[in-house]
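Participant: Take the given structure of chain A and dock chain B to it, following the hints.
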Amino acid sequence: QKEVEQDPGPLSVPEGAIVSLNCTYSNSAFQYFMWYRQYSRKGPELLMYTYSSGNKEDGRFTAQVDKSSKYISLFIRDSQPSDSATYLCAMTGSVLSGNTPLVFGKGTRLSVIA
Amino acid sequence: SAVISQKPSRDICQRGTSLTIQCQVDSQVTMMFWYRQQPGQSLTLIATANQGSEATYESGFVIDKFPISRPNLTFSTLTVSNMSPEDSSIYLCSVEGRGGTSTDTQYFGPGTRLTVL
Chain A
1 QKEVEQDPGP
11 LSVPEGAIVS
21 LNCTYSNSAF
31 QYFMWYRQYS
41 RKGPELLMYT
51 YSSGNKEDGR
61 FTAQVDKSSK
71 YISLFIRDSQ
81 PSDSATYLCA
91 MTGSVLSGNT
101 PLVFGKGTRL
111 SVIA
Chain B
1 SAVISQKPSR
11 DICQRGTSLT
21 IQCQVDSQVT
31 MMFWYRQQPG
41 QSLTLIATAN
51 QGSEATYESG
61 FVIDKFPISR
71 PNLTFSTLTV
81 SNMSPEDSSI
91 YLCSVEGRGG
101 TSTDTQYFGP
111 GTRLTVL
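Top to bottom, those sequences are chains A and B. Everything in the first sequence is counted per the numbering used here, starting at 1 for the first residue and increasing by one. Everything in the second sequence is counted per the numbering used here, starting at 1 for the first residue and increasing by one.
Read the hints as simulated data drawn from the structure, not as lab findings. This structure is a prediction, so every number in the text was calculated from the model and none was measured. Keep in mind that the hints are not guaranteed to be accurate.
[Unchecked claim] From the structure, some residues in chain A lie toward chain B, with a derived Cβ separation under 10 Å: (1) 46; (2) 102; (3) 105.
Every residue, glycine too, gets a C-beta built ideally from N, C-alpha and C.
Chain A on its own, in the form it takes in the complex (with noise of 0.2 Å):
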């Protein structure tokens, strides 16, 4: 089992839905998870950064992270064309167990339809 999975979709979706990406993870030692965007030809760029379970939301985008199924989530409220992306989950542990690499998910690719 990978430790992180994420469907890599493609996701099509018509403006204005509410975008849903997951991710599973299997290593119960995560506790720091980000969400980054990656435009075609671009680096990924960090969009939302949690810690440990709960919501975070920032703007249109809200965070989730449930440690007791090992699933985080990214919603997208009131998508645009813009948000057309790639969308990758990354988790590492504590730091407390020093610096541990960010594991990251395949990815998933969204398209928004104006």
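Facilitator: This is chain B only, laid out in the frame that chain A set:
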């Protein structure tokens, strides 16, 4: 967030040759990271480069194939040596976030798209 640039942005190389990729950051950072992003695959960490010490390589990556330099706190290079078509990939450098650890956040450069014929 840090502003990161990479050179070259893309290259097409012949089998058996080597390519050095440069990464420049607009602020001093302790930790720099080199990743590989192959089509349909996860971003995979190649190595961590701290200034003043040898790079630390992840399982499956060796110094002879991917030598790294880190001469100062704003610059690093990754060389892909004796290339084969399997090395065709996007190579990305990244730097640590605000807290100074990789567990905080990481910021990425635009990537170098390498094609080996």
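Participant: Mind listing which of the numbered hints don't hold for this structure, in increasing order?
Facilitator: When the structure is compared with the hints, none of them turns out to be violated.
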